[in-house]
Structures are given as structure tokens and as C-alpha cells.
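Using the sequences and the hints given, assemble the complete structure.
Chains H and A are the protein sequences, given in the same order.
Yeah, the first sequence ends on 834 if you go by my numbering, and it's all consecutive.
Yeah, the second sequence ends on 292 if you go by my numbering, and it's all consecutive.
Simulated from the structure, these hints should not be mistaken for laboratory data.
Keep in mind that a hint or two might mislead.
Straight-line distance between alpha carbons at most 27 Å, and here's what the computed DSS-like set of lysine-lysine pairs gives [claimed, not checked]:
| no. | chain 1 | residue 1 | chain 2 | residue 2 |
| --- | --- | --- | --- | --- |
| 1 | H | 760 | A | 291 |
| 2 | A | 259 | H | 761 |
| 3 | H | 764 | A | 264 |
| 4 | H | 764 | A | 251 |
| 5 | A | 240 | A | 291 |
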Amino acid sequence: DTAVSQTPKYLVTQMGNDKSIKCEQNLGHDTMYWYKQDSKKFLKIMFSYNNKELIINETVPNRFSPKSPDKAHLNLHINSLELGDSAVYFCASSSIVEGSLWQYFGPGTRLTVT
Amino acid sequence: GQNIDQPTEMTATEGAIVQINCTYQTSGFNGLFWYQQHAGEAPTFLSYNVLDGLEEKGRFSSFLSRSKGYSYLLLKELQMKDSASYLCAFNNAGNMLTFGGGTRLMVKP
Numbered sequence: 721d722t723a724v725s726q727t728p729k730y731l732v733t734q735m736g737n738d739k740s741i742k743c744e745q746n747l748g749h750d751t752m753y754w755y756k757q758d759s760k761k762f763l764k765i766m767f768s769y770n771n772k773e774l775i776i777n778e779t780v781p782n783r784f785s786p787k788s789p790d791k792a793h794l795n796l797h798i799n800s801l802e803l804g805d806s807a808v809y810f811c812a813s814s815s816i817v818e819g820s821l822w823q824y825f826g827p828g829t830r831l832t833v834t
Numbered sequence: 184g185q186n187i188d189q190p191t192e193m194t195a196t197e198g199a200i201v202q203i204n205c206t207y208q209t210s211g212f213n214g215l216f217w218y219q220q221h222a223g224e225a226p227t228f229l230s231y232n233v234l235d236g237l238e239e240k241g242r243f244s245s246f247l248s249r250s251k252g253y254s255y256l257l258l259k260e261l262q263m264k265d266s267a268s269y270l271c272a273f274n275n276a277g278n279m280l281t282f283g284g285g286t287r288l289m290v291k292p
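So this is what it looks like as C-alpha cells:
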């Protein structure tokens, strides 16, 4: 029944590793997003993606890459993890076609890089 | 440039009314959103304004003035469970939300 789900919920890894976070939505939405929320609780958009267009926030390092196998999934792959990547990562989705601009958020993945 | 500001913290008493203000600057605008986020949880959608005026949803109301770049969230009949962070965000017409830093509301008995 979960609308937007993410796995894993917690991820602890070492600097330099490569990791992926998975996101799935069962709302039939056409657009998905990734956000980063740092220790100061600022929520910042990283990517917006639908089947036509990927929009990248210019401040996001190219070590981060979204991968979408289909409309219901948007995974986040991170290469060469750094200490500063530690944060909570939220996936979200919305239906641009239906004009519903509000976004539904997943439960978040807490990433800790040691 | 783009900017969005809201107070960092507010305290209110159970049963009272509280207003959380938000000011923003953006070149493109396609709506102002309010989200609620409890500690350790995901943000949940509360309200959306795209035209000037007041939108009411039960105990929660949100107001928008586009000419002033100003919005507020009004919470009535405060309950202890309303203790949370309230995030203001605008859609810049690129379907990307820009969030403020959030206002942490503490409701006291």
C-alpha cells in the first residue's frame, strides 16, 4: 500500500565506495525526484526526471546519477562516496500530466559515510 | 536569484493559533507549497496556493500574496501532535521545488 518506497532505510558505508538507493512509486505518477536533506534539515532538490527529461540541479556533483529502468522507479547511484554525502535522501513523485504539482515523498534513506 | 526565508523556531500553546510566515524571491513561479515534517519522517503535503488569497483545509489555512512574495500557514486549535517542522517551498515553473529551511514548531501544554 506504500505510495513511495525506498530501500534501504539505513545505509552505512566507507569513503570511496559506490552505492545505490532504490525508489519505487505505485501512484502512476509521471515524474520522480531525488532530494538531499542535510544535518541542518535543509531539503534540496537534486534531480527531476520523467520519461522525457532529466533536470539536474547544477550544484549536484557528477558522482551522483539517477537511473530509471521504468516510470515507476528512479534509483540513485553514488560513486566514490565522500564524508559530506552523509545525509537523508528522499525520493518523491508527482503527476505533471494531471496538473498535480504537489509531491509525495518516500520515507527517506539515511546515508552515513565513515 | 532564488531565495526563501522562514523563521527557524516558534513556540505556541495547545489550543492556540499560530501563524508561520514565509517570504520568497524567484523569477519563475508556479505555486507555493507547505509541508509538515515530523522528526525522522518524510515531509507530507499540507497545502498549495497558486493564486492570491486564502486556502482553508480544516485546522490549516495557507495564504499567498504573489506581488509581495509572501505566504503564511495558519494552524488553529493547536494539538500536541502539531509539533513538527513546517517547510515552505515554491515551484519555479520547472517542476522543481525550492524549500526554505523549515520552521520548527513546538506546541506546549
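To see whether the hints hold, each was checked on the structure:
1. H:760 - A:291: It holds: about 23 Å lies between the C-alpha atoms, which stays within 27 Å.
2. A:259 - H:761: Measuring from Cα to Cα gives roughly 25 Å; hence the hint holds.
3. H:764 - A:264: holds, 26 Å
4. H:764 - A:251: Holds. Residue 764 (chain H) to residue 251 (chain A) sits at ~24 Å (cutoff 27 Å).
5. A:240 - A:291: holds, 23 Å
When each numbered hint is compared with the structure, no violation occurs for any of them.
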